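Peer 1: Chain residues, written in single-letter form:
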Amino acid sequence: MSKNFLEIKNVDFAIGGKTKVKNASFGIENEGETLCILGPSGIGKTTILRTIAGLETIDKGTIQLKGKILSSKKENIEPEHRNISLAFQDNSLFPHYTVEKNILIGADKNKEKKKKKLNFKEIIKLLDISKILNQYPHEISAGEAQRASLARSLLTQPDLLLLDEPLSNVDQSFKEEIQVRLKKILSRLKITTIIVTHDSYEAFYLGNKCAIILDSQVKQFDDPYNVYHFPNSVEVVNFLNRGILIPAKVTGENSLENKDLGTIKGNFIKHYPKGSDVQLLLQPEDLEHDDRSNLKLEVVDRKFRGTNFIYTLKTNSDLLIPVFVHSHHVHQHEVDEKFGIKRPINIDHIVCF
Amino acid sequence: MFKSLNIWFISSLLVSISVLIPIVTVFYSFFEDTSNYFTILKETFLLEYIFNSLVLLISVLVLTFIIGTLSAYLVSFYKFPYSNFFKWALILSFAVPPYIYAYSLTAFFENYGTLYSILKNLFGPGNYNQHIPKFDGLFGAVLSLSFSLFAYVYILTRASFLYQSQNLIDLGRSLGFSKFKSLYSLILPAARPAIVAGLSLVAMETLAEFGAVDFFSINTLTTGIYNSWIAFDDLAFSNRLSFFLLIFIFAFFILENLSRKRAKYHSNTKGGFKQKEKIQLSGIKAFNAFFVCFIIFFLSFLFPLSQMLYWTVKFPENFFDLQVVTLTLNTVYLVFLSSIVLIIFSLISNYGNRVSKNKALNILSTLSISGYAIPGVILALAFITFIAWFDENIVQALGFLSIKKMFIGSILGLVIVYFVRFYSLAFNGIKSGYEKINISVDESSYLLGYSKQKTFTNIHVPYLRNSLLFVLILISLEIIRELPITLILRPFNFETFATTAYISASEDLLEAAAVPSLFLILIATTFIMLTSNYILRENE
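From first to last, the protein sequence lines are chains A and B. The first sequence begins at 1 in the numbering used here and counts up by one. The second sequence begins at 354 in the numbering used here and counts up by one.
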């Protein structure tokens, strides 16, 4: 019997006879935790959710929830008997019922289980949908429909909640606030959740664990901090797009040498023999700006991101390196100007491939 | 395959198979022995049957194309006095079945008929009969069918015109096209699928028509089938003739499909649609448009209605002789039973298809809706053939009592054959409602703990209630007008307005046929008015 709350073991996830994700193994250790699944469009993230919900069957591996097999080649519990709720990305509200009636259907199921931890009014307030309760699904926006669908799913208080891009249609201005509220409610009610998203920041904020799906397989399954700081493959680095790989030579226990940036010091997370040629992951926060430094690079682009600027700098070898600078920094650098980098370069942990 | 074997799949499969039985029977019967009549007929009347059917078909198609597209073009693109009234008034012609139109045509133009009376009252006694044209025979049948059936072309073409983008019209203008050139080089080709669909329905109804052609004594394949059964008592021979007619119908469909090739008629681009604005007509142009629509409305609806009304008033004794209450109850009884059966089984079949997602079942369902393309006469006779075979080879062979009387000349048999004939109406009506329900709605329902049954009863049925109402009225309309199936399979002494009118007319008592015909037109008109918004797609 599995120790994990949710255990997915060697499963091939397929839809319409086409395998999307092969031999996947991951899970959720404890009740109330959230797992975020990240990956590019069409990779099979939704297929994973549909399969866990019981809407698709499997021919290989097992899916267990609370020690009970939900899906395997021989067994398949029907969706209506799994006590798993799935909020679809697109509007899946019942078109002939008002938003209120739609949400109350979720509450009806909740009533059957005699769980009373979350009430209708609370969830309406939480997701800010009180104004649309008397409207029909075709009369509301895509973002409102998503929130209504989320409310319905939350009210069922399932054993496992599956959210497919739950906030993809929600306005950017409102999105972060909803994320905060969602995280609070999931944590308070101890609802175990899997969230599919393509927004890595959303995944890092909401998830206790993240699974990165690339090339038809689970490339990395780890906590958000590790996924960001210790990506385990070049593919994950490229997918997250939070840094670049530059060529370097290992010069010692704690140092490397790049011909444009010079010596770079830090702690290797993996041992490489001295003299090895490696690809070093350089993230925007790894380099510091210093006007007095003699290491000057050319500014080719500058993006204003509110709290900071991201400068894109060109090295002599034509590498393009991103660097964060606080937006309150005393002065700004224009494109084509020279930009100083503080030396020696010190990186807390060195990730190489 | 076996994963999809559930109660819904099996029910759906059974419904489709039972609808297919009469169709298969017709094909099977082709290989059976017939009497010598077939050889005799082959050498004598068969060519005439085929020739008459072809002439009738082509003439009706040409006329309905002209009337249907012209009226649809006028009400869709122009504003003129009463254009909004004509928009729905033109569909009232549906309330007048071709056989009632035929009675009106004969009654008006016959020697000493209504036109004669009008001329006599206006100009005094005279020898008017020799100057009054006679609309009978093949020409009369063409007119009756065309004015009764053009609404199929009108409705579908108008719907297509309605969704034609203003961009298309603007494109014509920017290319310097005249209105006429825009019509034939842009507007009509874009509406081609709708026009062809409308004409296909007209073709099926024309080939299936029994009442009007029988009234005008024209030998077509359909009347041939009926007569060979009545006169020669030769079911196998009727079925063989039916086979020819079916080949005719299927050839028509194949031709239509081939002619389309890979042409694409609809652009699905979002946001590119610009609702077109109607052009305001004035002066002589407005009068011409009004006149054309009025003439079509008058000839297709007002003329037969007033003729029947005139005779009802002129011969009131026929009104008192008619058992209106009994006929109404009989009609309501048939409508009620058939609608219930059709709606329940079509719902089950649609849902079965939806949940099992089985391709074989899908193909079978598509085949089973072909019942609508098969003339009522053929279906009724195929049903009798099948029951006779089943009774002889299965029921009685097993030592049970004969079941023939249970099915032939009974309400049960009537309802079963109505079911086969109108199954496509119910199935497609419900299917179009189902297509608007996203599959994720079903999945949400399962995930909320609803079983398939509960999803069906709590989610689908309430959502489909408008479609169901529409289907109910459509079926009612068809059953009220239906003639050959009722005529062949009805129980002894069980009449409807349609059969009463037919029997009176076939006994040359056209005045007596007027009252049931008038009732039939009025009831059908009420049903059409109730559903005009659906039929015209005003609410989409």
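Please note that a few of the clues may not be correct.
[Claimed, not checked] Here's a subset of chain A near chain B, in silico, CB distances under 7 Å, partners left out: (1) Leu55; (2) Ile69; (3) His96.
Source of the hints: derived by calculation from the structure; they are not laboratory data. None of the values given here were measured: they were computed from a predicted structure. Yeah, the Cβ is synthetic: ideal placement off N, Cα and C, and Gly gets one too.
Peer 1: Could you run down the list of hints and mark each one as holding or not?
Peer 2: These are the hints, each one checked on the structure:
The beta carbon of A:Leu55 comes within 5 Å of a beta carbon in chain B, closer than 7 Å, and the hint placing it at the interface holds. Restraint check, A:Ile69 versus chain B: the minimum CB separation of about 18 Å is more than 7 Å; hint violated. Taken as an interface hint, A:His96 checks out: its beta carbon lies about 4 Å from the nearest beta carbon of chain B, inside 7 Å.
Hint compliance for this structure: hint 2 is the single one not met.
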